[in-house]
Amino acid sequence: MPTGRRARFSKIEIMSSKRPLLDPTRVREEIAAVAARMIAEDGADYATAKRKAARQVLGSESRAAGEWLPDNEQVETEVREYQALFQSDSQPRVLALLRRIALVLMEGLQVHNPYLAGAVFNGTASEHSDIHLQVFCDSPKDVAIFLLNAGVDFDTTESAHFAGRDEVETLSFLWRGQWPASREARELAQELRAETGTPVGVHIALYDMNDVRGARRTDASGKAARGDAAAVRALLSKG
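The numbering used here applies: residue 412 is where the sequence shown begins, and numbers increase by one.
Hints listed in this document are in silico derivations from the structure and should not be mistaken for laboratory results.
Certain hints may be false.
Per label pair, the in silico range of CB-to-CB distance [what the hints assert, rightly or not]:
(1) Ser593 with Asp500: 17 to 23 Å
(2) Arg504 with Asp434: 34 to 40 Å
(3) Glu606 with Ser583: 34 to 40 Å
(4) Arg587 with Ser550: 23 to 29 Å
Don't be surprised by glycine CBs; every beta carbon is placed ideally from N, CA and C.
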């Protein structure tokens, strides 16, 4: 990576404090770079990172809207560049571990048609990232019953529907290897403790089976936002 790119990440606060930024394109670039560092280093979510980055770059959030604010795709690009520059040793290792854990969980939920989404699927996950699963079944409530019977203690919250419609019920818990009850899960939990020292958050969003068709669609560039167990295995096989 060019040394100039590394310098832009490390000196971004100095650059933005010298004089006001009047070019919307440059403002978006600077906000995206600052937000990317917050996401990669602190585990901030995209909305929070962009809001804090806008305040840091602009001195306030008043102009942080419309053409002044980068979209999530631009921020994700910056996250990938930051990780390549500063986390090239640790991030791929943590990502692979989280994908292996996600696959074990998906295999435990296989009758409920699970998909992996979020940073663990798209490849930007770090030690601060949670695992986001989405299940598609005729009776989403059965998933909660299934987990209760398996001894999983979870909280029930809501998360945004991937299609922007009403929120969907989401089951959240900290994973320490307690489920599924398998040797592989226990071994992965040991690896997780050695790598990060903390459990990983797991969120299972409950969707109706009718939603699965929309979930399988790709964006304009042909990129999928989520994948089933076969897709996760394919990602792991690529290294």
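A quick look at each hint next to the structure:
{"no.": "1", "hint": "Ser593 with Asp500: 17 to 23 Å", "result": "29 Å, violated"}
{"no.": "2", "hint": "Arg504 with Asp434: 34 to 40 Å", "result": "38 Å, holds"}
{"no.": "3", "hint": "Glu606 with Ser583: 34 to 40 Å", "result": "21 Å, violated"}
{"no.": "4", "hint": "Arg587 with Ser550: 23 to 29 Å", "result": "28 Å, holds"}
The earlier numbered hints that this structure contradicts are 1, 3.
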